[in-house]
Amino acid sequence: MEFEKIAEIIANTLSIDKDDITPDSTFKSLSVDSLDMVEIIMEIEQEFGVTFDDSADIQNVDDVVKYIQAHA
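First residue of the sequence shown? That's 809 in the numbering used here, and the numbers climb one at a time after it.
Take these hints with a grain of salt, some might be off.
[Unchecked claim] Derived lysine to any residue pairs resembling SDA-like cross-links, with alpha carbons at most 20 Å apart:
#1 Lys874 x Gln854
#2 Lys874 x Ala864
#3 Lys874 x Thr834
#4 Lys826 x Glu810
#5 Lys826 x Asp841
#6 Lys813 x Gln867
#7 Lys813 x Val846
#8 Lys874 x Glu810
#9 Lys813 x Asp832
#10 Lys826 x Asp870
#11 Lys826 x Ser837
#12 Lys813 x Thr834
#13 Lys836 x Gly857
#14 Lys836 x Asp825
#15 Lys813 x Val840
#16 Lys826 x Glu816
#17 Lys874 x Ala819
#18 Lys874 x Glu855
[Claimed, not checked] Each pair of labels, with its calculated beta carbon distance range:
#19 Asp825 x Ser863: 12 to 22 Å
#20 Asp827 x Ser863: 24 to 34 Å
#21 Leu843 x Ala864: 26 to 36 Å
#22 Asp862 x Asp827: 26 to 36 Å
#23 Asn820 x Ser842: 12 to 22 Å
#24 Met809 x Asp832: 28 to 38 Å
#25 Asp862 x Lys836: 14 to 24 Å
#26 Lys836 x Phe811: 23 to 33 Å
#27 Ala878 x Asp832: 16 to 26 Å
#28 Glu812 x His879: 17 to 27 Å
#29 Asp865 x Thr830: 10 to 20 Å
#30 Thr834 x Glu812: 30 to 40 Å
#31 Phe811 x Met850: 15 to 25 Å
#32 Lys826 x Gln854: 11 to 21 Å
The hints are simulated quantities; they were obtained by calculation from the structure and are not laboratory data. These figures come from a predicted structure and were not determined experimentally. Positions of the beta carbon are idealized from the N, C-alpha and C atoms, including for glycine.
Starting from the given sequences, assemble the full structure and let the hints guide the process.
Rendered as structure tokens:
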């Protein structure tokens, strides 16, 4: 469930097809720049009621899912 919503947020932010996003998709492979990342993180924090720690090692979509599961 978390993955689907996260993929939707990323797809909407980047104007890409949600089906192009997999749990293993890295933000680099999705061409996410720093401004996109801030927007994505803010939307995810609002949607799931979590706050990302600056030290969180978030490299791919699955890292986001795991972080939410651990902190929600």
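Structure versus earlier hints - violations, ascending order = 13, 19, 21, 24, 26 and 30
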